[in-house]
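**Q** These are the residues of each chain, in order.
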Amino acid sequence: MTPILGRPVRKTRTRITIDYSRCGDGKGVDPRECGRCLRACAPAVFLLHETLGAVEDDPLDPQAWRVTALWPSLCTRCGACVEVCPEGAITVRP
Amino acid sequence: MEHGSGGKWYLNAEHYSNEIAEKYDLREFLLEQYTNFEQISVRKVGGFSPVGMDYTFRMPIIGRVVKHMAERMLHSRKPPTDPFRPEGHFGQVVPLEDGEEILRHCAVEPIIEKNCMCRYMTRGVKEACCINFGVMSEIIDQLPRFIPEKEKYHLTREEAIARFREHNRKGYIGTIWFGPYPYINNLCSCENPECAGLRPRVDFGIMSIYKAEYVADLSEPACVGCAACVAACPFGAISMDKVLDRPRVDQELCYGCGVCRHACSTGAVHLVPRDRIPAVAGKY
Chain F
9 MTPILGRPVR KTRTRITIDY SRCGDGKGVD PRECGRCLRA CAPAVFLLHE
59 TLGAVEDDPL DPQAWRVTAL WPSLCTRCGA CVEVCPEGAI TVRP
Chain B
39 MEHGSGGKWY LNAEHYSNEI AEKYDLREFL LEQYTNFEQI SVRKVGGFSP
89 VGMDYTFRMP IIGRVVKHMA ERMLHSRKPP TDPFRPEGHF GQVVPLEDGE
139 EILRHCAVEP IIEKNCMCRY MTRGVKEACC INFGVMSEII DQLPRFIPEK
189 EKYHLTREEA IARFREHNRK GYIGTIWFGP YPYINNLCSC ENPECAGLRP
239 RVDFGIMSIY KAEYVADLSE PACVGCAACV AACPFGAISM DKVLDRPRVD
289 QELCYGCGVC RHACSTGAVH LVPRDRIPAV AGKY
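The listed protein sequences derive, respectively, from chains F and B.
Residue numbers for the first sequence follow our numbering, so the first one is 9 and each next one is one higher.
Residue numbers for the second sequence follow our numbering, so the first one is 39 and each next one is one higher.
These aren't lab readings, by the way, just hints derived from the structure by calculation.
Cβ atoms here follow ideal geometry from the backbone N, Cα and C, with glycine treated the same way.
Taking lysine-lysine and the BS3-like style, the derived pairs with C-alpha atoms no more than 27 angstroms apart in a straight line are:
# : chain 1 : residue 1 : chain 2 : residue 2
1 : B       : Lys105    : F       : Lys19
2 : B       : Lys208    : B       : Lys190
3 : F       : Lys35     : B       : Lys82
4 : B       : Lys321    : B       : Lys46
Here are some of the chain B residues that sit facing chain F, going by a computed Cβ distance under 8 angstroms:
# : residue
5 : Gln77
6 : Val89
7 : Thr160
8 : Glu232
Hey, can you work out the whole structure from these sequences and the hints?
**A** What follows is the structure, given as structure tokens:
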């Protein structure tokens with residue numbers, strides 16, 4: 009793949025997973041109150057949103073919010089989000 | 039949409055009129071859209087989830103096709119039908135003067151400021167940076183989570199201009215948006231990479247927003263070489279030439295937002311019309 013707009017493109021996809029039993033979905037921590045990962049991420053990879061739509065079995069619940077890694081290709085793999093998450097809910101794998 | 043030769047689409051007062059909002063039934067459309075605003079970025083479009091779509095954008099052939107389809111949706115001129123899709127939602131960078139001109143002559147009252155949802159969704163921070171007009175303002179009145187916590191968010195023209203100026207001086211990029219075409223209701227003060235409208239353009243080359251009608255010109259003799267403008271540029275378009283001991287601008291990268299001017303203590307940074315520079319004329 010060629011670099012896009014001067015940014016290097018990695019050969020392997022970055023897989024960022026968030027354990028929703030520990031954060032969001034009305035369980036564990038409410039990401040609207042915590043938000044540490046949102047602020048730690050320099051390229052703003054994460055998105056805070058109402059629980060809905062990322063997968064089929066993800067029904068609308070305006071009361072339960074979650075964080076999704078919306079732009080994984082922009083992840084620099086710096087590990088800041090993994091470090092700041094108080095629940096240890098985030099994993100970043102190359 | 040016409041560019042150049044004085045054709046600034048955003049200074050055409052017709053686009054701001056309540057008649058357009060009525061004609062396309064935008065009251066209901068926008069209420070539905072903004073009630074569900076935070077879900078839209080993660081909802082499936084045509085059966086495809088946008089989560090991880092950035093890798094698809096980067097694929098050699100498929101990426102071009104998908105980006106072309108995204109651009110077609112963003113630039114749609116048909117009457118908008120689906121409030122869950124950003125149909126006809128594109129914008130242009132505007133420098134401070136043009137933003138002031140919009141607020142002084144084009145924007146329809148009531149004028150309000152609302153919390154920027156891009157900043158909330160990417161950073162969890164509520165900051166009142168968006169200035170809305172007309173029908174859009176009436177819709178925000180019904181949605182408390184967009185309303186800034188301070189007492190007053192309905193602004194007079196002069197107050198709105200002062201707020202826009204404040205944001206611009208802080209280094210936020212002025213942008214004006216169709217939402218949806220042909221209705222203009224949003225004058226934002228954006229930040230990169232938080233802005234959901236700048237992100238597709240800056241990171242993936244999707245024409246979600248046009249560059250301004252201007253580019254920065256740093257050829258002024260008054261420049262003392264302090265390099266303050268280098269740090270101020272949100273797009274990394276200015277760098278320091280150590281031989282000449284003065285900054286130079288990469289006009290290909292410059293969006294013409296004019297934010298660099300506020301950092302300059304000697305007033306040496308100017309904006310010149312894009313059309314006057316052969317390298318970037320017509321390149322929005």
